[in-house]
Amino acid sequence: MHELSVCQALVRQVESLMQEHGARAATAIRLLVGPLSGVEPALLQGAFPLAAAGTGVEGARLAVESPALRVACATCGAESEARPNRLVCGACGDWHTRIVSGDELTLASVDLVIDPAEETHV
Amino acid sequence: MCSICGCGVSSAHHDHAHAQAPAAGDAAAVSVLRGLLEENDRVAAHNRVHFDEHGVLALNLMSSPGAGKTSLLEATIDALRGEFRMAVIEGDLETDNDARRIRAKGIPAVQITTGGACHLDANMVHRALHDLALTGLDIVFIENVGNLVCPASFDLGQHANVTLLSVTEGDDKPAKYPVMFRAADVVLLSKSDLLPHVGEFEPARALRYLRELANPAPLIELSARRGAGMRAWLDWLRAEALKRQARAVPV
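So the sequence lines, in the order shown, correspond to chains U and X. Our numbering numbers the first residue of the first sequence as 1 and each following residue consecutively. Our numbering numbers the first residue of the second sequence as 1001 and each following residue consecutively.
Please note: incorrect hints may appear among the correct ones.
[To be verified] Which bits of chain X does chain U cover? Going by a derived footprint, with three or more residues having C-beta under 8 Å, they are:
hint, segment
1, 1037-1049
2, 1068-1075
3, 1210-1220
By construction, these hints were calculated from the structure, which means they are not laboratory data. Please read all numbers here as calculations on a predicted model, not as lab measurements. Idealized CB from N, CA, C, for every residue including glycine.
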């Protein structure tokens, strides 16, 4: 259950963004969490309120998008869908592939509320 | 100057976000697109600088509990004593039993007790490095918490991942724990002396599952207790250590 550690890192990252932008609140947080990221979106959702409690990020809505897992084949060049434990080329079956998408563990964007008086230029 | 510990190592490049400033008033979306574990990755990069400066090879050993990581280290220390100077960072939830086993071999060992945390992270290793003199060392083994899930997500600053799969566990572990086995730079099928007693474990099937993760890592069958297969592992280790020494950053 390392999702709590991930959420704690997320909270620190959003708090530092809030400070950078002089924001008084964060209302929404959007993440990209691929099926091959090693992190479970449902567990993230469960851990987030615990990590956010008592911080400036408390109450923000967490939205997790899971990009499709896709691989590109080094042998035939095809791009195809894959499963986390079967990353072989969907066209020719070769295992010499690389991940195109699906291993993301990314903070995509944050909705910040900034008071006019406190606006800072970055 | 290191911003983490003030240790004089130039801090790794910090990928500063250039998010567009939102308009004042209502909530505005700020695009970020940065890794969620950026803070951990920054400390890991810093650890790697420490290792590189000393020409030290750092290896992250991962497996289920009881797959034989500490026994492998004991056998490796016995085999390479006099050839390489080694040290071990041990990660466990509780006890310093493993560190004591390593110290009994006359090798420096630093124990990290995570107190319940299921994985090591870069900060824990960074703190451990302050208790370990890297000068004069060739190889640092970081024995991660026994767990096939969580340790895979946290870069520690290692140069390579060594993943053990004991033959008593089942040959489909790479298919069940793809994130862990995809990250392996070498996979060791440990306790291979028990293969005759666990007929259902087929090394060829473990290899097939590993390749289906698009992972070209070598797979080596070995028995740390009996010695079989150790030569292939030691040769892999020698080659990696020499690569590091060649790339040592002059201080």
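Next item on the list: Go check the segment 1068-1075 of chain X versus chain U for me, would you? Three or more residues, Cβ under 8 Å, otherwise it fails.
Entry: Since 0 is below three, the answer is violated.
Notebook entry, point to check: Count the residues of the segment 1210-1220 of chain X with a beta-carbon closer than 8 Å to any beta-carbon of chain U: does the count reach three?
Noted result: holds (count 5)
Item checked: Whether chain U covers the segment 1037-1049 of chain X (at least 3 residues having a Cβ closer than 8 Å to its Cβ atoms) -> holds (count 4)
Figure legend: structure checked against the earlier numbered hints; the only hint not met is number 2.
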